[in-house]
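Per my numbering: the sequence shown ends with 222, consecutive numbering throughout.
The hints are simulated quantities; they were obtained by calculation from the structure and are not laboratory data.
Some hints here could point you the wrong way.
What the hints assert, rightly or not - Derived CB-CB ranges, DEER-like: (1) Lys-95 - Glu-39: 34 to 44 Å; (2) Gln-110 - Ser-147: 18 to 28 Å; (3) Thr-156 - His-176: 22 to 32 Å; (4) Ser-76 - Ile-150: 12 to 22 Å; (5) Thr-140 - Lys-40: 31 to 41 Å; (6) Leu-119 - Ser-175: 32 to 42 Å; (7) Glu-71 - Gly-102: 30 to 40 Å; (8) Gln-115 - Gly-137: 12 to 22 Å; (9) Glu-39 - Arg-96: 36 to 46 Å.
Using N, Cα and C, we set each Cβ at its ideal position, and we do this for glycine too.
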Amino acid sequence: RSRHDPDIKAPKRSKLLPKALSVEQALALIEFAAKEATEKDEWELNRDHALIELLYSSGLRLSELLGLDSEPSRDSLGWIDWNEGEVSVLGKGNKRRTIPVGKPAMLALQHWKTQRALLPLKDQRALFVSIQGKRLGPRTVQARLRSMAIRAGLPTHVHPHMMRHSFASHVLQSSHDLRAVQEMLGHASIASTQIYTALDFQHLAKAYDSAHPRAKVKGNKS
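Taking the hints into account, I'd like the entire structure generated from these sequences.
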């Protein structure tokens with residue numbers, strides 16, 4: 001059941017809803033990334049697999065993802081806690097937050113970490129690096145993700161922030177805990193997170209249309 005919070009108001013329908021993948025689409029993309037990385041075993045594909053797993057597992061902003069270091073240091077913006085299975089980032093407003101990372105994502109990250117150690121790196125700290133050995137840039141991630149989604153056969157333009165929207169929408173569908181989603185996304189205000197309740201309602205409406213006996217009866221007269 002959803003947790004009632006008197007401070008949370010229903011979202012305004014006039015606000016443009018963020019685009020999110022369905023659960024099936026998100027899993028299809030990740031499974032394709034894993035299959036491609038396993039079959040071809042190219043370091044860029046292993047990096048991309050780890051990157052996509054982490055985006056969907058944690059809901060990080062692209063800037064937070066690209067700011068991650070392989071190990072923590074005094075001035076790190078973010079890092080992976082390899083022992084605890086968590087990611088720590090410095091988000092908007094210089095607020096530090098820690099998000100749990102799922103086991104599949106941690107396995108992909110561990111594999112990437114092993115491959116990364118074999119590369120000639122110009123940036124020794126960056127977790128995700130380019131072919132030049134430097135910290136990966138946003139345009140590269142956007143292009144790689146778009147290309148992978150096309151190869152996976154997804155019928156929509158996929159971008160990094162869509163993975164964040166998908167994370168938020170799917171966690172809310174499962175937990176109905178808006179406050180927890182707010183904390184994981186790093187939203188300063190609950191109002192920023194409320195938009196996902198509209199996506200959750202859309203999910204429930206589709207489930208009703210496909211499953212409820214009364215929704216299946218056409219031309220029903222009262």
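Hints and how they fare:
1. Lys-95 - Glu-39: 34 to 44 Å: holds, 40 Å
2. Gln-110 - Ser-147: 18 to 28 Å: Roughly 25 Å apart at Cβ, these two residues keep to the hinted range, so it holds.
3. Thr-156 - His-176: 22 to 32 Å: holds, 26 Å
4. Ser-76 - Ile-150: 12 to 22 Å: With a Cβ separation near 34 Å, Ser-76 and Ile-150 fall outside 12 to 22 Å, so the hint is violated.
5. Thr-140 - Lys-40: 31 to 41 Å: About 18 Å separates the Cβ atoms of Thr-140 and Lys-40, which means 31 to 41 Å is violated.
6. Leu-119 - Ser-175: 32 to 42 Å: Holds, since Leu-119 and Ser-175 (Cβ atoms, about 38 Å apart) stay within the stated range.
7. Glu-71 - Gly-102: 30 to 40 Å: Given a distance of about 21 Å, which is not inside 30 to 40 Å, the answer is violated.
8. Gln-115 - Gly-137: 12 to 22 Å: holds, 19 Å
9. Glu-39 - Arg-96: 36 to 46 Å: holds, 38 Å
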